[in-house]
Amino acid sequence: MPKKVLYIDLSSGESWVEEKQELFEEWLGGTGVGIKLLMEECPAGVDPLSAQAPLILAIGPLNALFPAITKTVATFKSPLTGELGESYAGGRLALAMRFAGHEAIVIRGRAERPCYISINDADVKIKDATSIWGIDAQTTGMILREREPGVGRRSIIRIGPAGESLVRYASVVVDTYRHLGRLGIGAVFGSKNLKAMVISGTERVDVPDPRKYREVYNKLFRTAVQTDVMEKYHDIGTTININVLSYLKGLPTRNFQSSSYPEAEKISGEVLADEYLFRRLSCAGCPIGCIHVAALKTAFSPHHEFEVRKVSYDHEPIYSLGSNLGVTSAKGALELIDACERLGLDAISSGVILSWATEAYEHDLITPQETLGVPLQWNNIRSYVKALENIVKAPNEFYAALARGVEHASARYKGREFAMALAGNEVAGYHTGPASIVGQIVGVRHSHLDNAGYAIDQKAAKKQLDPEQMVEEIIKEDDFRGLFNCLVGCLFARGVYTEENILDALGAVGIAKTKEDLADLGRRIFEEKYRFKAREGFDLARVRVPRRFFETVSTLGMIEPQTVEDMLRMYREKRGWA
Amino acid sequence: MTEEAIKPRKRRRLKVAHPERCIGCLGCMFACSRTNAKTASLQDSAIKIQTQGGIEGDFRIIVCRGCQDAPCARACPAGALEQKPDGSIVFHEELCISCGKCEEACLIGAITLNKDKKPIKCKHCGACVAFCPHGVLELEEVS
Chain C
1 MPKKVLYIDL SSGESWVEEK QELFEEWLGG TGVGIKLLME ECPAGVDPLS AQAPLILAIG
61 PLNALFPAIT KTVATFKSPL TGELGESYAG GRLALAMRFA GHEAIVIRGR AERPCYISIN
121 DADVKIKDAT SIWGIDAQTT GMILREREPG VGRRSIIRIG PAGESLVRYA SVVVDTYRHL
181 GRLGIGAVFG SKNLKAMVIS GTERVDVPDP RKYREVYNKL FRTAVQTDVM EKYHDIGTTI
241 NINVLSYLKG LPTRNFQSSS YPEAEKISGE VLADEYLFRR LSCAGCPIGC IHVAALKTAF
301 SPHHEFEVRK VSYDHEPIYS LGSNLGVTSA KGALELIDAC ERLGLDAISS GVILSWATEA
361 YEHDLITPQE TLGVPLQWNN IRSYVKALEN IVKAPNEFYA ALARGVEHAS ARYKGREFAM
421 ALAGNEVAGY HTGPASIVGQ IVGVRHSHLD NAGYAIDQKA AKKQLDPEQM VEEIIKEDDF
481 RGLFNCLVGC LFARGVYTEE NILDALGAVG IAKTKEDLAD LGRRIFEEKY RFKAREGFDL
541 ARVRVPRRFF ETVSTLGMIE PQTVEDMLRM YREKRGWA
Chain V
579 MTEEAIKPRK RRRLKVAHPE RCIGCLGCMF ACSRTNAKTA SLQDSAIKIQ TQGGIEGDFR
639 IIVCRGCQDA PCARACPAGA LEQKPDGSIV FHEELCISCG KCEEACLIGA ITLNKDKKPI
699 KCKHCGACVA FCPHGVLELE EVS
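Chains as they are written, first to last, in the working numbering: chain C, 1 to 578; chain V, 579 to 721.
Please note that the accuracy of each hint is not assured.
Where chain V lies over chain C, by a calculated footprint (3+ residues, C-beta under 8 Å) [as the list claims (entries may be wrong)]:
(1) 150-156
(2) 175-185
(3) 201-207
(4) 213-222
(5) 279-287
Simulated crosslink set (BS3-like; lysine-lysine; CA at most 25 Å straight-line) [unchecked claim]:
(6) K515/C <-> K3/C
(7) K616/V <-> K219/C
(8) K3/C <-> K693/V
(9) K212/C <-> K662/V
(10) K3/C <-> K125/C
(11) K593/V <-> K212/C
(12) K4/C <-> K696/V
(13) K616/V <-> K513/C
(14) K616/V <-> K693/V
(15) K462/C <-> K513/C
(16) K232/C <-> K310/C
(17) K249/C <-> K266/C
(18) K476/C <-> K232/C
(19) K696/V <-> K593/V
(20) K696/V <-> K679/V
(21) K476/C <-> K513/C
(22) K662/V <-> K593/V
(23) K616/V <-> K3/C
(24) K4/C <-> K616/V
These are calculated hints, taken from the structure and not from any lab test.
Glycine included, each C-beta is placed from N, C-alpha and C at the ideal position.
All chains should be built: construct the whole structure from the sequences, respecting the hints.
The structure is reproduced here in structure tokens:
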């Protein structure tokens, strides 16, 4: 199967395909190919929202071929952090790219007016999107569904008003309920006047040895569905963490002022599952069905007239738009998630920004004049929805500052010590200990998923890991995930894809690798990403750690600034950077 | 002729038992093409999962019902789709003239054509059943 990259230049309106066999041989696919293409395509120091900044989507060699290998990676320069932008989404995007025959798509330039890209196998069209500019992400999906071919095998990805307004943490909604969420890829779409992409294809993949392929497939399928490696994701889902973390003093509450939440039960996965969950869905090619969708029913008159909205939820948004905003009802949290979906905002960043703003408002760092009379108070759902809408509209300097992220807003309005970002990216829903903090600082995209520091803290709580062992675990995860993200599998299935299983699966599609090859590739990808980060000005020694982390007890007790500093020093030494 | 000899043997038929339990993983489609066409593909699958209004909506599961008096076999002018006394359909590929009449004859759209314009039709083999994580599909015996 030839490995092809589709290039689309929105400025000239041209598109073409290039065969890149060597690129894929050396970097396998997914994040490996993504970072190489970004290095090639992105001029050093470029404004991430300019026409010169590229946007890259990539899948890997196993996508659509094996269970739970369902993700697509987007690589770009982040308008939020000014350095490496990388975001992952499930849904049907990977499958659509596979069967359209494009293992990677590079988008260059800027369209003259709002457009969307329609890809149907080799046929690529750039179409006018003026009439849907300004429309929310859900409705945009509905309109394009009627217009475009490929029912049942296509993917529709689109931005909402937040991406159009260049909010620095705008997301791209993928097939409803899934997202290229983090680091502002929605704003990159917006800056290119790109409202949406619809991708579908009819190709088939001929595997070299169908029998071997079936054997490996069956083994992986059985591991995924018949063992407990993925159990947690299909019953209650990731929100099972809410009660657990609160009990373990690891659930960020009211902007990290506390790590256990007396109201946790009310927004817990258990309550959501019992009272709101109405269906579970799956990304194409995954038997687990972890997408939990709640029916949010609200009366809009006293005469039994209801609005019903279908809202998907997970641990992270229930933390960021729930406990971290002092929200005391599942309904409240779901309403805020729904607002982020409509507007096309990243749920984690949005929640962290609102929680900072709420505290800043409490401390009179910002005034009611600045909030335009919106009372930013814990658990005030109506105000929070209004504030999110204002962030997108940016009617004044204050909301425009919020639209640039908490790092920027707190530099302007003070309250740095409780502006919960690391390296410019708003933090995820864990206050488990130093590995979570260090992991997000050193991670290639400053995400909790770069190395799962939060899981290392939890392991440390049981097994008494010392800081050095925690650092070693972080490095191991950094490198393994770099490799796994070349396949672009779902990280929930990382327990299924052991090294041996990855080698078997690659072998079944005719890619011969060794354990050493895999380890080497993971390291090289990490290094390549750090080369990009350094080129764009990232300096590990200059990352600001908000004081709040050290003032609130964590799962591993109070965290000393010295511990974090020591771990960062060890990390640099072990990476050979000292 | 004894009664036993004329009694048709039981055939197996795929049944969409619980369509509302579908989670849209497409595992059945991949299982079908993997087993029957030896490819990884959505096009080669004899069972189709379609969305209605995106994944917010309900899934539609389109697959052969195993009709007793099968219109696809009746429509075939070349005798390529032959209905046996037990009701099962056998496809004689060498007789197929790629006319597409079978596809037209099936009202529910359970027959699609492959790249050679030959029918992709469910054999009721049950490969998909094993890969449905939610028990949507069952294999039943028809007397």
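Hints versus structure:
Under the rule that three or more residues need a Cβ within less than 8 Å of chain V, the assignment of the segment 150-156 of chain C holds, with 4 such residues. Interface restraint, the segment 175-185 of chain C with chain V: holds (3 residues with C-beta to C-beta distance below 8 Å; minimum three). A count of 6 residues in the segment 201-207 of chain C with a Cβ less than 8 Å from any Cβ of chain V is obtained; the coverage claim is therefore met, three being the minimum. Counting residues of the segment 213-222 of chain C whose CB lies closer than 8 Å to any CB of chain V gives 4, so the stated coverage by that chain holds, three being the minimum.
Coverage of the segment 279-287 of chain C by chain V holds [criterion: at least 3 residues with CB-CB distance below 8 Å; count 9]. Taking the CA atoms of K515/C and K3/C, the gap is near 23 Å; set against the 25 Å cutoff, the hint holds. The hinted pair formed by K616/V and K219/C meets the criterion: a straight-line CA distance of about 17 Å does not exceed 25 Å. A threshold of 25 Å between alpha carbons decides the hint, and for K3/C with K693/V the separation of about 22 Å falls inside it, so the pair holds.
Taken as a hint, the K212/C and K662/V pair is broken in the structure, with Cα atoms around 34 Å apart against an allowance of 25 Å. Our distance criterion of 25 Å between C-alpha atoms is met by K3/C and K125/C, whose separation comes to about 21 Å. For the hint linking K593/V to K212/C, the alpha-carbon distance of about 29 Å lies beyond 25 Å, and the restraint is violated. Distance hint between K4/C and K696/V is unfulfilled; the C-alpha atoms sit about 29 Å from each other, more than 25 Å.
At most 25 Å may separate the alpha-carbon atoms for a hinted pair to count; K616/V and K513/C meet this at roughly 24 Å. Restraint check for K616/V and K693/V: satisfied, since their Cα atoms lie roughly 14 Å apart, inside the 25 Å limit. For the hint pairing K462/C with K513/C, the CA-to-CA distance comes to about 35 Å; that exceeds 25 Å, so the pair is violated. Our distance criterion of 25 Å between C-alpha atoms is met by K232/C and K310/C, whose separation comes to about 22 Å.
Restraint check for K249/C and K266/C: the C-alpha separation of about 17 Å stays at or below 25 Å, so the hint holds. The suggested pairing of K476/C with K232/C holds, with an alpha-carbon distance near 23 Å, which does not exceed 25 Å. Straight-line distance between C-alpha atoms of K696/V and K593/V comes to about 24 Å, which keeps the hinted pair within the 25 Å bound. Restraint check for K696/V and K679/V: the C-alpha separation of about 10 Å stays at or below 25 Å, so the hint holds.
Proposed proximity of K476/C and K513/C is supported: the alpha carbons are some 19 Å apart, at most 25 Å. In summary, the hint linking K662/V to K593/V is supported, as the alpha carbons are separated by about 19 Å, within the 25 Å threshold. Between K616/V and K3/C the CA atoms are separated by roughly 21 Å; this keeps the pair inside 25 Å, and the hint holds. For the hint linking K4/C to K616/V, the alpha-carbon distance of about 23 Å falls within 25 Å, and the restraint holds.
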